[in-house]
Structure formats: C-alpha cells, structure tokens
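Combine both chains into one complex, guided by the hints.
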Amino acid sequence: MAKMQEITVWTRGVVMDKEGRDIANAFARAAAMEGKHVQSFDDYEDLPDRVNVTTRKYIRISDEEIAMKYIYAVEHPDAVVVAEESIIKGIDILRGMKEGGLLLINSVRDIDYLLKFIPNAGVLGAVATVDAKGISGVSTIDFSGSEGGVDSAGIGAGIAAPIVGALAKVTGMAKKENLAKVVADVSGMERGYKEVKVKKLKPRAEYAWSA
Amino acid sequence: MKKNLPEFGKIVVPKERAVPFGAVTPAPESCQLLFMTGNWRQKRPVIDDKKCTRCLTCYMVCPDACWTFNEEEDRMQWNPSFCKGCQLCTHECPSEALTATPELDFEGGVVRLAKPF
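Protein chains in written order, with the working numbering: chain G, 4 to 214; chain C, 410 to 526.
Just so you know, these hints were derived from the structure itself, not from any lab. We put the CB at the ideal spot given by N, CA and C, even for glycine. Among these hints, one or two may not hold up.
Example chain C residues on the side facing chain G (calculated, C-beta under 10 Å, incomplete) [claimed, not checked]:
(1) N448
(2) F515
(3) E516
(4) G518
(5) P525
Taking lysine to any residue pairs in the SDA-like style, the calculated list, with each CA pair at most 25 Å apart, reads [claimed, not checked]:
(6) K184(G) to I158(G)
(7) K202(G) to F515(C)
(8) K200(G) to P511(C)
(9) K524(C) to S142(G)
(10) K493(C) to D458(C)
(11) K524(C) to N123(G)
(12) K452(C) to L50(G)
(13) K178(G) to K197(G)
(14) K202(G) to L513(C)
(15) K136(G) to T508(C)
(16) K452(C) to I114(G)
(17) K172(G) to G103(G)
(18) K493(C) to K172(G)
(19) K460(C) to E482(C)
Chain C extracted, bound-state conformation (with noise of 0.2 Å):
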C-alpha cells in the first residue's frame, strides 16, 4: 500500500501494518458535536472579571474543558454548548469570582436537541 503524504513523500505501508477500514475515527477539532451536554445544566457559573486573578483552576477543574483563557481579551472565556453545570469551578474557585446562577435568567446559550442523545 503507497501513501503520499505532503511532508514525508511517498511511504510503502506493509500489508501486515495497515490499519484495516473503520478502525479509525476522525478527531474532533475543539468540540464533539455529537456529544453536547450543554443541556444537563441547571446552573450556570458566571464570572465576575474585577475578582477573578487568571490563576486557571477552573481551566484545571473543568471535567468538559469549557473555560479557556482568551489571550486576547484577557479574561477567561466559558463554552455554554458543553458545560453540564456541575459547579465544580464555582466551588474550587479561590478568589469566589464565580458564581452559579439558575439557566433560566437568562435567555441566551440554549442548547437544543431533539432526544436525550
């Protein structure tokens, strides 16, 4: 089996090494689409910028990886299509610039789907 790959040229798989059909998956980018959990949430944390320190435990802490710390802006940043609301960031944050609000305040991060799954 002949391969071209841009960076390496042409590479010979042996028959014996080659990964048979479906035995690999496509990775996600940044998010799995088919898995949103962003509709488990009953609370979600919101973020008060003038008490937060940017000392990341809830990057740490986050089981979804749903807080991300834009650069940019520089301020943390929070995904609302994947956070299950379990409040593990708003009870592990040191300077209480967290707090967990009830999701119907507010109108927006509607997470929809159809089923369950």
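Chain G with its partners taken away, still in its complex shape (with noise of 0.2 Å):
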C-alpha cells in the first residue's frame, strides 16, 4: 500500500516567504522526477505580505494519485521544516503530527538545547539541523513582497538550497541528482545534504496525533 507523506514548511513573511515556497517548489518538483505524484502550495489563510510573520508551505507526495485535491492544508504533517530558528518558540510547530515525525531546522545551535523549547518533542522520531545561513551567506534574497512576481533568481538560491538538500537526506523522499537540476545553487544543495546533523529519538505515543 503506497503511503502519501506530507511536509509542512514553516517561514517568515516577505522576508523569507520566497525561500520557504522554495523549498516546497523544488522539493516537490524533484520528487515528481522520479514519478510521483506531488503538490506544493502555500497556506491560504496565512498573511506572507507582513514582515516576519509565520507562515506555512505543503508538500505532498505519493506514489498514487493524490486524492485530496481540494484540501489546501495540510493537518498531521510527516516532517516539518523550520526555515528559521526562533519560529520554534512562536508557534506550537508539532501540532497534529504523526507519531515519529521528524523536524529539520535551519540552526546553529545545539539540538538539545532547540528541543528545549519545544514542549511536545515526545512526537518525533528524528530531530535535524543545517546552517543554512552559514551556508549560503544570505537570509533574504527577494524583498520585494512580489510573491516571486518579479523574481529574477532562480528556484532555490539563497537558504532554500541547503535546507532542500538536508530535507533529502533525512527523508529520503527526492534524490540529490534530480535536485541538482531544479536548484539553482547546485553547490549549497549538495553542502547543506553533506553537513546537515540528524539526532534519533525515541517517539512516544502520547503526544501524538491520533485519529
């Protein structure tokens, strides 16, 4: 029975809302290299017109059709994505997630002290990190607030490279080859899929999503 696994990435208004639908878009369309079945959208209720504010980006991805065609969100995710680091304190990231999950976070930082702030940790199986920022050298590469209406840099530059490459390997849902030929900037991808760091936890029943 082929499994539909489902991502949520969290971003940052305008700031980093380009490289957050980045990574869903890059993602998705590696996948679908490889035959998939995929979607990527944003989050309709979120505002990404404000300066900093949360904002979400879904993956889907199936080896069947995707029946769920009119479903704009996606409720118990199978990994999330943190493009940036304080978000963990802001929003409750982990709500509605299967038991075993796993959390890739764009941090410096040790990850015991990430899982501090993060109350119901209980759920994962797997938590991540990658210095996407150290990666890259650039936290914002479209300003604009366009929406990627007038975007002239590619799918993938800035922190969205590295974070797509460590998504790869800690999920192993795309391939490094055929994100090399989505991304923009090949080299960040295959870095951030090289230094990404994975500790393995032990998920716990009780904090997970149950139907």
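Rendered as structure tokens:
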C-alpha cells in the first residue's frame, strides 16, 4: 500500500517567503522527476505580505494519485521544516504530527538546546539541523514582497538550497541528482546534504495525533 | 430605552439614537490578547539601564507601545508578548542603550500560538 507523505514548511513572511516557497516547489519538483505524484502550495489563511509573520507552505508526495485535491492544508504532517530558528518559540509547530515524525530546523545551535523550546517533542522520531544561513551566506534574497512576481533569482537560491539538500538526506523522499537539476545553488544544496546533523529520538505515542 | 448609569442617574435614549446590537465591541484594557504579535520576533531589544537616559524615544517610536516607563523602578519596561522585533527602538535610541539580540538566546518570553493567527 503506497503511503502519501506530507511536509509542512514554516517560514517568515516577506523576508523568507520566497525561500519557503522555493523549498516546497523545488522538493516537490525533484520528487516528481522520480515519477511520484506531488503537490506543493502555500497556506491560504496566512498573511505572507507582512514582514516576519509566520507562514506555512506544504508539500504532498505520493506513489499513487493524490485524492485530496481540494484540501489546501496539511493538518497531520510527517515532517516539519522550520526555515528560521526562532519560529519554534512562537508557534506550536508539531501540532497534529504523526508519531515518529521528523523536524528539520535551520540553525547553528545545539539540538538539545533547541528541544528545550519544544514541549511536545516526544512525538518526534528524529531532529535534524542544518546551518543554511552559514552555507548560503544570505538569509533574504527577495525583499520585494511580490510573491515571486518579479523574481529573477531562480528557484532554490539562498537558504532554500541547503535546506532542500538536508531534507532529501533525512527523509529520502527526493534524490540529490534530481534536486541538482532543479535548484539554482547546486553547491549549497550539496553542502546542506553533507552537513546536516541528525539526532534520533524515541517517539512516544502520548504526544502523537490520533484519529 | 432607559438606562441606569452610576454617575449620571437614569437616562433616556431616544429610539433613533440607540446603538444597534453588535455595533460596539469591548475595548481591551491594556493589551489585545486576540492578536499577539510576539511570535513575529527574530531579535529582541535588550536594554542597558546604565546607558539609558530615560528620554522615552523608544516609547515614541514603538508601533505596538511595548516600551513603557516604570516610575517605581525608574526604568523602561518591555512587553515581550507584543514586540514583533521590528528593531525601530534599537535604531532610534540616541544613547545606544538598546541592542538587538537573537531571540533564541533567551529561554523566557515564549509566545506560543497554535496557529499563525
């Protein structure tokens, strides 16, 4: 039985909105190159035109055709990507997560220090960090707030490239070779793939979402 | 329509001047808990009380009124629930008493919401 896997990307409006959208689009496009069925879209309720406000982007990857065509939100993600580290303090990012999920944070900090800010971290099967800002050197590449309308930087420049590389390594849902065809910053993506740090945890059922 | 108001006694409001149901919403006393913006913050302003001259520039420039003067302690007070980290105060402070410090350096001041709004 093929399983559909869902990913939520948390990012910040305007300053990292393009990066978050690039993570969702590039990763879904790379997975589609393997013949998988994919969807990637922004959240409709969030307000990405406000600077620094937390916004969500979603990815769905499945071996079979995705039946939930008109449901524009991922309520129960298998993996959560946090594109800016201080979001873990402001939002309950693991809400609705299934048991044994994965959390990827863009941070240089120690994983144990980051886990102190996540009270329901018991649901997680693994936590990973990647220093995307240190690898790419910039945190904002498009400040226009045009949501991609006048963007010439290409998909997967800036912090998006190391994050998709790390996401491919820790989830295995897309291949590095396919990502290299999609992203603009290929060397940054490969560094993210190599330099991601993972810590395995023992998931506990009492924190997980259950139907 | 007759109303009893404590200081004004009984007043009579003519029907054409009565406010319809739903036209008035209760004003928050000091902060609006339905719209917390503290989770927008990437960097927080940290004050050095020795450098601060109590000029109230931060109080003037803060868009969310997060800086208030505490007269009893004779120092500026910061509200972490609504500061969205715009760093206007750190830029405008004439005595350079404010520094923008990454939010995750601190364990306190957590504003954790279930949804962005």
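Structure-based check of all given hints:
1. N448: holds (2 Å)
2. F515: holds (9 Å)
3. E516: Cβ of E516(C) sits 7 Å from chain G, so the hint holds.
4. G518: holds (8 Å)
5. P525: It holds, given that the least Cβ distance between P525(C) and chain G is near 5 Å, below 10 Å.
6. K184(G) to I158(G): holds (11 Å)
7. K202(G) to F515(C): It holds: about 23 Å lies between the C-alpha atoms, which stays within 25 Å.
8. K200(G) to P511(C): holds (22 Å)
9. K524(C) to S142(G): Answer holds: K524(C) to S142(G) is near 24 Å, not above 25 Å.
10. K493(C) to D458(C): holds (22 Å)
11. K524(C) to N123(G): Within the cut-off at roughly 15 Å; holds.
12. K452(C) to L50(G): Since the Cα atoms of K452(C) and L50(G) sit roughly 20 Å apart, the hinted pair holds (cutoff 25 Å).
13. K178(G) to K197(G): holds (13 Å)
14. K202(G) to L513(C): holds (20 Å)
15. K136(G) to T508(C): holds (21 Å)
16. K452(C) to I114(G): Holds. K452(C) to I114(G) sits at ~20 Å (cutoff 25 Å).
17. K172(G) to G103(G): Holds, because 17 Å separates the two Cα atoms, which is no more than 25 Å.
18. K493(C) to K172(G): violated (34 Å)
19. K460(C) to E482(C): holds (16 Å)
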